[in-house]
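Given the coordinates of chain A, work out where chain B should sit on it, guided by the hints.
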Amino acid sequence: MKVIKVLGSGCANCRNTIALIEQVAQAKGVAVTLQKVEDVRDITGYGVMSTPGVVIDGKVVHAGGVPSRAKIEQLLGTA
Amino acid sequence: MSTLSAPMRRWPNQQPLLFLVVAGAAWLGLYQLLMPAAEALVATLPLERASHLGGALQFFFYDTPKVLLLLTGIVFAMGMVNSYFTPERTRALLAGRSEGAANVMAASLGIVTPFCSCSAVPLFIGFVQAGVPLGVTFSFLISAPMVNEVALTLLFAMFGWKIALLYLGLGLSVAIVAGWVIGRLNMEAYLEDWVREMPHAAAVAGEDRLSLGERLDAGFASVREIVGRVWPYILAGIAIGAGIHGYVPADFMAAFMGKDVWWAVPLAVVIGVPMYTNAAGVIPVVQALLAKGAALGAVLAFMMSVIALSFPEMVILRKVLKLRLIATFVGVVATGILIVGYVFNAVL
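In order, the protein sequence lines correspond to chains A and B.
So the first sequence is numbered by the numbering used here: it starts at 311 and just counts up by one.
So the second sequence is numbered by the numbering used here: it starts at 484 and just counts up by one.
Chain A on its own, in the form it takes in the complex (with noise of 0.2 Å):
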């Protein structure tokens, strides 16, 4: 099971991040527990500057807007 935290403060972009991933997350039978990161301090904490960011299992794999399909995809399998 991957943690998948998605951090972001509540924008559109955000949210359009987690059902994409959420998306192709069923799309290719992977189990993920998916959380929403929304406070500012947990935010810079990650030392993202750009949101939405993603992080996968602890660590940020993605920053500054919301991710391609294709790099989802490829996030799901070989992280």
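Because the hints were derived from the structure by calculation, they are not lab data.
Please note that the accuracy of each hint is not assured.
[Claimed, not checked] List of simulated lysine to any residue pairs, SDA-like, C-alpha gap at most 20 Å:
hint, chain 1, residue 1, chain 2, residue 2
1, B, Lys802, A, Arg351
2, A, Lys381, B, Glu708
3, A, Lys381, B, Gly696
4, B, Lys802, A, Lys381
5, A, Lys381, B, Arg692
6, A, Lys381, B, Arg698
7, B, Lys805, A, Arg351
8, A, Lys315, B, Cys601
9, B, Lys549, B, Phe642
10, A, Lys381, B, Ala684
11, A, Lys346, B, Glu697
12, A, Lys346, A, Lys369
13, A, Lys381, B, Phe703
14, A, Lys346, B, Leu516
15, A, Lys346, A, Asp367
16, A, Lys381, B, Ser566
17, A, Lys381, B, Glu697
18, A, Lys338, A, Arg379
19, A, Lys369, B, Ala684
20, A, Lys381, B, Ile799
21, A, Lys346, A, Gly357
22, A, Lys381, B, Trp494
23, A, Lys381, B, Leu693
24, B, Lys802, A, Gly355
25, B, Lys802, A, Asp352
Just so you know, these numbers come straight off a predicted model, no measurement behind them.
The following block gives chain B in isolation, referenced to the frame of chain A:
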């Protein structure tokens, strides 16, 4: 939201250069066709061109496709340019520099670095944490939303390149000077305590190995995101503008937004600050006001304060800044905008 179909997405990625050339040519061709097409369209309507409704409709049918076409082209190009300037790289460029020249750099980088107001706080903290001086950080934060490609494109489409350039120059000046002044005031004590206590972070620019194809994707993504979000505002703005063009008598605005009215500029700023819309909605309205006798200085001051100073942004910034620093920020920027407005009224 519209997405390109899968086969269309694959072709540009395989031959990005060819795609750019073909798309550029197609775009230019469309743009050339626009004016005659709009004329022809309005001519087919059973209306007098000189009538109120005729004038309004012509404004609407010509300006809407023109603005949307320009915007799509420029947002696409800027999306690609933005992919070279991530916030991380901008921060690495600015970290450790002393004020002065760094304010100029920060304001300029504010134009090309992708910025969304929902990221303002993490960005602010990231900058300060890496040792970018407070005033320099503010130069960036003022310029990034105010001088952006959407505002500049709309100004160019509706007023011509001179006004667009003037806005660019003055927007940058306000950002540079306001940031420099804030730096001089030594306001570091008015950051929230937890921000000051954060450990210093090294500014590391990430590796940048995007292919041209991936930059094309960035262009498509920003068109989807920005044009997709902004077009309803543009339509509404142009519709209101068209109404003003067709129905409000000429010189109507001169009485209360004209050059001779000394309080027009401060009033424009005071009205503009609590208003929250984006450049896209405000510029077509502003263009129509101008046509009816409002002075350029007051109109530009209104625009800048609507875009640069917004109440929701203050609320977001309150998480990291104490009230006194926010008040200083608003005061300094508003003063800068006032000066811009008066200078414009005096010069033009």
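Structure-based check of all given hints:
Proposed proximity of Lys802(B) and Arg351(A) is supported: the alpha carbons are some 10 Å apart, at most 20 Å. The straight-line distance between the Cα atoms of Lys381(A) and Glu708(B) is roughly 18 Å, inside the 20 Å bound, and the hint therefore holds. With a C-alpha separation of about 14 Å, the suggested pairing of Lys381(A) with Gly696(B) holds against the 20 Å cut-off. For a cut-off of 20 Å, the pair hint linking Lys802(B) to Lys381(A) is broken: about 32 Å separates their Cα positions.
Between the alpha carbons of Lys381(A) and Arg692(B) the distance comes to roughly 15 Å, so the proposed pair stays at or under 20 Å and holds. Between Lys381(A) and Arg698(B), the direct Cα distance comes to roughly 14 Å. Compliance with the 20 Å bound is thereby established for this hinted pair. Taking the CA atoms of Lys805(B) and Arg351(A), the gap is about 16 Å. The hint holds against a cut of 20 Å. A distance of roughly 18 Å separates the Cα atoms of Lys315(A) and Cys601(B); the hinted pair therefore holds under the 20 Å criterion.
Between Lys549(B) and Phe642(B), the direct Cα distance comes to roughly 13 Å. Compliance with the 20 Å bound is thereby established for this hinted pair. For the hint pairing Lys381(A) with Ala684(B), the CA-to-CA distance comes to about 27 Å; that exceeds 20 Å, so the pair is violated. Straight-line distance between C-alpha atoms of Lys346(A) and Glu697(B) comes to about 28 Å, which puts the hinted pair past the 20 Å bound. A threshold of 20 Å between alpha carbons decides the hint, and for Lys346(A) with Lys369(A) the separation of about 15 Å falls inside it, so the pair holds.
A distance of roughly 16 Å separates the Cα atoms of Lys381(A) and Phe703(B); the hinted pair therefore holds under the 20 Å criterion. Using a Cα cut-off of 20 Å, the hinted pair Lys346(A) and Leu516(B) is violated, with the two alpha carbons roughly 48 Å apart. Proposed proximity of Lys346(A) and Asp367(A) is supported: the alpha carbons are some 14 Å apart, at most 20 Å. Between Lys381(A) and Ser566(B) the alpha-carbon distance is near 16 Å, which keeps this suggested pair within the 20 Å criterion.
Straight-line distance between C-alpha atoms of Lys381(A) and Glu697(B) comes to about 11 Å, which keeps the hinted pair within the 20 Å bound. For the suggested pair Lys338(A) and Arg379(A), the alpha carbons sit about 12 Å apart, so the restraint of at most 20 Å is met. Using a Cα cut-off of 20 Å, the hinted pair Lys369(A) and Ala684(B) holds, with the two alpha carbons roughly 17 Å apart. Proximity of Lys381(A) to Ile799(B) is assessed by CA-CA distance (about 30 Å); at most 20 Å being required, the pair is judged violated.
For the suggested pair Lys346(A) and Gly357(A), the alpha carbons sit about 16 Å apart, so the restraint of at most 20 Å is met. For a cut-off of 20 Å, the pair hint linking Lys381(A) to Trp494(B) stands: about 19 Å separates their Cα positions. Between Lys381(A) and Leu693(B) the alpha-carbon distance is near 13 Å, which keeps this suggested pair within the 20 Å criterion. At roughly 15 Å between alpha-carbon atoms, Lys802(B) and Gly355(A) fall within 20 Å of each other, so this suggested pair holds.
A distance of roughly 13 Å separates the Cα atoms of Lys802(B) and Asp352(A); the hinted pair therefore holds under the 20 Å criterion.
Comparing the model with each numbered hint stated earlier shows that hints 4, 10, 11, 14 and 20 do not hold.
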